[in-house]
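Engineer: If you count by the working numbering, then the sequence shown holds residues 1 to 383, one letter each, in order.
If you're looking for bench data, these hints aren't it; they were derived computationally from the structure.
Computed from a predicted model, the values in this text were never measured in an experiment.
Idealized CB from N, CA, C, for every residue including glycine.
Watch out, some of these pointers could steer you wrong.
No more than 25 Å apart at the CA atoms, straight line, and that leaves these computed lysine-lysine pairs for DSS-like [what the hints assert, rightly or not]:
1) Lys196 to Lys238
2) Lys351 to Lys263
3) Lys267 to Lys238
4) Lys238 to Lys351
5) Lys267 to Lys196
6) Lys238 to Lys263
Here are the simulated distance ranges between beta carbons [to be verified]:
7) Gly176 to Gln220: 19 to 27 Å
8) Ser367 to Gly192: 40 to 48 Å
9) Asp378 to Ile307: 21 to 29 Å
10) Glu370 to Val184: 22 to 30 Å
11) Ser367 to Ala327: 17 to 25 Å
12) Ile307 to Gln220: 31 to 39 Å
13) Ile373 to Lys263: 35 to 43 Å
14) Arg191 to Ile307: 13 to 21 Å
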Amino acid sequence: ITSSRRPSSSPAHLPAASAMASPADARVDLKIEVGGGVLPASGAAQCLPARFLLRRLCPKVQRGNWARYLPVGAADRLMALAAPTPTWRISEFSSLATPSSSGSCSQPRRAFRRCCTASSASTGLPSWADISEDEAESASSVSGGQCTAVGDVLGCVWEIAQHAMGTRRVQDALEGARCEAERVDIAWELRGHVSKAMRCPHANHILQKCINTMRPENVQFIVDEIAERECLVTQAAKHRYACRVVQHLLRRCSHAQVGGITKVLLKDADALACHTFGSYVVQQMLEFGSEDLRRDLSRMVQRNVQILCPHACGSRVVRAALEHAAAEDRARVACAVAHQPEVLRQLAAAKNGEAAIGKLLDVLQGSERECAIASLRDEASRV
């Protein structure tokens, strides 16, 4: 990226260094040379150096001393190129959104990319695919949280859902939809992409938004695609992002809907209970699962208290069982822990054991409670 200054009275024989030292009222032109070609100034703000300078020259931040070394007028020129957040101009390629007779969908996708590129060039901002998470948050605050119309994202939901700015646009459209039919139209474009979307750091938020804003029967396609393979269910429960989608399904959907998923999760419940992300899924099953599911999970906890209680994640599952299981199952889990003083002390010393101990003492009664308190006091005196 280069800058040329053309003072009105600059002799032609002067070198470039002398030209840079000319008066401040000289005109500044920005240009970018790529592979021998020159990009117009309107596209200058899309390049990495210009984007970096724009962030540093943001009016919300005081300019540092380094700004004085920029060519005179370059800072103002860069700021002038920055415009409000670009909008999706879907109407320009909506006629191409229908698959051709040959069944190819590459043409509308190319049209979508051209439209985004044109919008970015006209506003001087980078394209959605190149914007970072921090830039997306900044642009969101600048735009003032304006609601996105459903028509602005239809036809390109999956394309933009995989990027930081695009996922916010789709979520805004889901929240601002006027009826369930409009939300269904948006969610329809995610069919066949659920496996990838739930593991995407951006697209997983759209699946969560669909689950929380749509009727349970209309998100059945998410359940079906996850339950399509047993290994995928377990992988989703252990994934950093996909586990959130599974948790929302367990909260919102009926027991009959997620029966296939919970059946698979129950087989690996003992391993999931000690997993960093899988333990949250087990807790949701204990809280929102059917009566039979909670009973089976409580018995799993009862059998594995020696493994779960010392573990930071397992102790959370023990607390969930003591809080959400049936009264009879809660008493069995509490007795299984209290009758083993070493396990009780390990639970108290675990990272999340304090809350579990509180639930344990609430469940225990009579002499069993007194024995548990005495054991804890002995451990505290030794420490």
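Engineer: Does each hint hold? Answer for all of them.
Structural biologist: Structure-based check of all given hints:
This hinted pair checks out: Lys196 and Lys238 have alpha carbons roughly 15 Å apart, not beyond 25 Å. At roughly 30 Å between alpha-carbon atoms, Lys351 and Lys263 are farther apart than 25 Å, so this suggested pair is violated. Straight-line distance between C-alpha atoms of Lys267 and Lys238 comes to about 14 Å, which keeps the hinted pair within the 25 Å bound. Restraint check for Lys238 and Lys351: the C-alpha separation of about 20 Å stays at or below 25 Å, so the hint holds.
Restraint check for Lys267 and Lys196: the C-alpha separation of about 24 Å stays at or below 25 Å, so the hint holds. For the suggested pair Lys238 and Lys263, the alpha carbons sit about 16 Å apart, so the restraint of at most 25 Å is met. The supplied range of 19 to 27 Å is met by Gly176 and Gln220, whose beta-carbon atoms lie about 24 Å from each other. With their beta carbons about 60 Å apart, Ser367 and Gly192 fall outside the hinted range of 40 to 48 Å.
The beta-carbon spacing between Asp378 and Ile307, approximately 24 Å, falls within the hinted interval of 21 to 29 Å. Distance hint check: the CB atoms of Glu370 and Val184 are about 58 Å apart, inconsistent with the given range 22 to 30 Å. Taken as a hint, the range 17 to 25 Å holds for the pair Ser367 and Ala327, whose Cβ atoms sit roughly 19 Å apart. Taking the beta carbon of each, Ile307 and Gln220 are about 36 Å apart, inside 31 to 39 Å as hinted.
Between Ile373 and Lys263, the C-beta spacing of about 40 Å keeps the proposed range 35 to 43 Å intact. Hint check: Arg191 to Ile307, Cβ distance near 40 Å, so the stated range 13 to 21 Å is violated.
Checked against the numbered hints listed earlier, the structure breaks hints 2, 8, 10, 14; every other hint is satisfied.
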